[in-house]
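Visitor: Sequence:
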Amino acid sequence: MRVWDIHPGYLSRQNLLGQHAEIHALYSVISGEKDGYANHPETRRWQGRLERLRRVHDLTVLEMDLRGFKHRSPCVPLVMKNVFEIKDNAPCYLDTPLEQISIIGYKNREKARSGRIPLPQSGYEYWAHHKYSVMARGYNYYKDIQAYLRAREICPIEEAGELIELIAKKMSRPVTAPALGNVVDHLWGYFKREATGPEKSLYLNRQPDELPALVRYLYTLAVKYNRTYLLHSTVFADFTKPGQD
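Residue numbering for the sequence shown follows the numbering used here, starting at 20 and increasing by one per position.
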């Protein structure tokens, strides 16, 4: 039983689908719908954190959808007397995200698997994967991380624990429409010279409430125009709408 605390884009197909199943199992056990695994360490760490677990579920589903998997089993928010929520909903790890990257790397090498996003070999690569997600929360957050990295000549992944936690804190903020519009403009820059007339029209005539769908559409353009750098971004499976992370 395992739920990962890094973006599901890093998970192989098998681990991604396995995580989805595990989340539903945990949700049922913690809510009292099913017995079993109540004393498992993974179960205990999510006690009082079902809302956070539901958000991990929704993020997992977004990644599944991006990879073409169908989903018909939402985690319905629970309002039950026997289910409590910790007010300080900070993450509780069995292994740190940095340690989890190492664990997943070992699993992938052992079974010749990989995720949509390759596991980072440095803090700079990890930031490259997440930077548009951070920008979608606010350009000031993006600049904070840039400043953090400018102060470091090298940042091997083995020493990137602080950076990973810093990025996670920024990504816990809600997505806003103005910040997301800025992200769309940055992403569009990768296609504007080659885009067809209809593709340009979709970008130029976008409406604020269409931004999340447009971000997903830009993923199809990244595939079409083979923009590998963008294909390895977390932003395409990151949120459902501004104001909801």
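Please note: incorrect hints may appear among the correct ones.
[To be verified] Under the rule of at most 30 Å between Cα atoms (straight-line distance), these lysine-lysine pairs were calculated in the DSBU-like manner: (1) Lys243 to Lys219; (2) Lys150 to Lys53; (3) Lys150 to Lys188; (4) Lys188 to Lys219; (5) Lys126 to Lys162; (6) Lys126 to Lys89; (7) Lys188 to Lys162; (8) Lys150 to Lys162; (9) Lys126 to Lys211; (10) Lys89 to Lys162; (11) Lys53 to Lys219.
Source of the hints: derived by calculation from the structure; they are not laboratory data.
Visitor: Hint by hint, note whether the structure agrees.
Guide: Against the structure, the hints come out as follows:
no.	hint	result
1	Lys243 to Lys219	holds, 15 Å
2	Lys150 to Lys53	violated, 39 Å
3	Lys150 to Lys188	holds, 13 Å
4	Lys188 to Lys219	violated, 34 Å
5	Lys126 to Lys162	violated, 34 Å
6	Lys126 to Lys89	holds, 25 Å
7	Lys188 to Lys162	holds, 14 Å
8	Lys150 to Lys162	holds, 10 Å
9	Lys126 to Lys211	violated, 39 Å
10	Lys89 to Lys162	violated, 37 Å
11	Lys53 to Lys219	violated, 51 Å
Against the hints set out earlier in the document, violations occur for numbers 2, 4, 5, 9, 10 and 11.
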